Amino acid sequence: MSLLVGQIVQNRELVPRYFFLMSVKLPESLATPLPGQFVMVRVRDRRDLLLGRPFSIYAFARDKTAPVIELLYRTTGRGTIALSRLKSGEYLEILGPLGHGFDIFPEMKKIVLLAGGIGVVPLSFLASHYRKLPINDRLRIIAYLGAKSADHIVGMDRLQETCTDVKISTDDGSSGYHGFVTELLADDMESYLHGDSVIYACGPPAMMKRLAKLLGDRPISCQVSVEERMACGVGACLGCAIHVKAVGDKTRYRRACQDGPIFDIREIIWN
Amino acid sequence: MKSKTEQINNSEPVVAVDIGGLILKNPVMTASGTFGYGKEYAPYIDLNRLGALIVKGLSLEPRKGNPPPRIMETPCGMLNAIGMENVGVRAFIDEKLPFLRPFDVAIIANIFGETIDEYKKIAAILSAAEGVHGLEINISCPNVKKGGIAFGAHPDTAYEVTGGVKSLTDLPVIVKLTPNAGDIAEIAESVEAAGADAVSLINTLTGMSVDVEQRVPHLKNITGGLSGPAIRPIALSMVWEVVKRVSIPVIGVGGIMDANDVLEFLIVGARAVQIGTASFINPRATLDILEGIDNYLKRHHITDINDLIGTLRDGCPTS
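Residue numbers (my numbering), protein chains in the order written: chain A, 1 to 271; chain B, 1001 to 1319.
Everything labelled a hint here was simulated from the structure, so no lab data went into it.
Owing to the predicted nature of the structure, the values given are computational and were not obtained by experimental measurement.
Short derived list, chain B residues pointing at chain A, Cβ under 7 Å:
no. : residue
1   : Arg-1070
2   : Pro-1075
3   : Pro-1229
4   : Arg-1284
Pairs of lysine to aspartate or glutamate residues, derived as DMTMM-like cross-links and limited to a Cα-Cα distance of at most 20 Å, are as follows:
no. : chain 1 : residue 1 : chain 2 : residue 2
5   : B       : Lys-1064  : A       : Glu-228
6   : B       : Lys-1039  : A       : Asp-259
7   : A       : Lys-250   : B       : Glu-1085
8   : A       : Lys-245   : A       : Glu-227
9   : A       : Lys-167   : A       : Asp-188
10  : B       : Lys-1064  : A       : Asp-249
11  : A       : Lys-87    : A       : Glu-70
12  : A       : Lys-132   : A       : Asp-165
13  : A       : Lys-250   : A       : Glu-267
14  : B       : Lys-1220  : A       : Glu-227
15  : B       : Lys-1220  : A       : Glu-228
16  : A       : Lys-87    : A       : Asp-45
17  : B       : Lys-1096  : B       : Glu-1130
18  : A       : Lys-245   : B       : Glu-1085
19  : B       : Lys-1244  : B       : Glu-1186
20  : B       : Lys-1064  : A       : Glu-267
21  : A       : Lys-250   : B       : Glu-1061
22  : B       : Lys-1096  : A       : Asp-259
23  : B       : Lys-1064  : A       : Asp-259
Note that the Cβ used here is the ideal one computed from N, Cα and C, for glycine as well.
Model the full assembly from the supplied sequences, consistent with the hints where possible.
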């Protein structure tokens, strides 16, 4: 595997100066990414923006001409703002796919997705992956999507294609349920049983913490995708430390990039 | 290794260098803390092609490291406060070294301690292990017995720790110098007097970055070590100062991104270099750099890289 140069097919503003959808054409040597994996994306020839930025993969297709990955991202700082200004036809540096993806449970009847804001990205890729499995007919995929407000909801279109049901919540009540997305899930929690349902989540730490509390002692499987600043993405810099439980009362740090970015929610210590 | 004459006949320049008795295939080493334990980069590059592989800094006991956020990008650089996370010297030997042994590359263990006794113990353990070819002492760590001031900040403590390690090992010893000291060349002279076989410089510069909206530091540790091209001119001038003051080999480190950067250090007088942050951005950075050096040597009809080292001329570029 090596650093690849990708060409931007499109880089579209979904929510002004906030959410962008980018598709990038890559060389044939790109390994097929699994849902939950990420890529390091870097603007070329910009030493001021030294490091790549880790992005979960939103979608992947290997069309007749070349592999294309889709990235749905939020502008949060200098790096993502610079990326958002790139035009179709321009080039990027991409390293990946990196990390390990979500575990897939073909024996489950219900797939529950809990997304907070931009956290929808890896979950949407996961939903489309499940839909391609032979178990598709009997599978129910239920998505819970939380956002700040109605105009900050992203990823709805794809979820509506892949999911049996999509439930919305907003912090200000401008769309769907008025409140936290975890509260929406809590209302349905009794219908999701260990052995028949699995929960996948991605969102801000506060959401993850509420989810961990909601799950409590329930034995239901729950995998989460975590986020942390990264320099290398390959396990060397140790920058992306995630605080996890260790043997006994001990705790330790694991790397979001190589040990994750997917973890069992019960392993993580949410501060 | 081909003989020198053979290489010239094939018109391939000689790139091997001698670092205190340790002969490296080429002057490109990986900087400690930027290349894991080597295995992390094995899927990306042929480790056999490196001049030397310097592993993540090792302490006597495992260290958990700092709480996140541990890193922050700054203009042309990055801050890190990893907190010396490592598996400890014994787990390194048992779990990490077996992977590295089959490679035909010099393995250098970077070590650090909080007391001179700890440095000595780690050095003794590694010297008895098969497959370690050299030691690099990180003297940027706080000396807990001397109020937490870095060993490398004063000539006396730098001398003491270097002498202590040298007394317990037959391996070549490189001392990695901190730029966060009064006069880095004075420290270099001191460790040379204590028996150091080479010095490497610079380690990271202390830096800081603040989120102004929330008025909080970007790093949980508040301050961190600055690396990347932002520090390269500083590193180069310090190497320039140090080569004038010591006769042991000097290894240039600090923000090297490409072959041109390496050549700057060699011309100024460094006998080898370490590539750090560049590997984070491009896992193949070390090998791309080697190709670039080779091209330069051929273009300038230099048959042995050692003929380039310390050849800085007077004057300024003419157009």
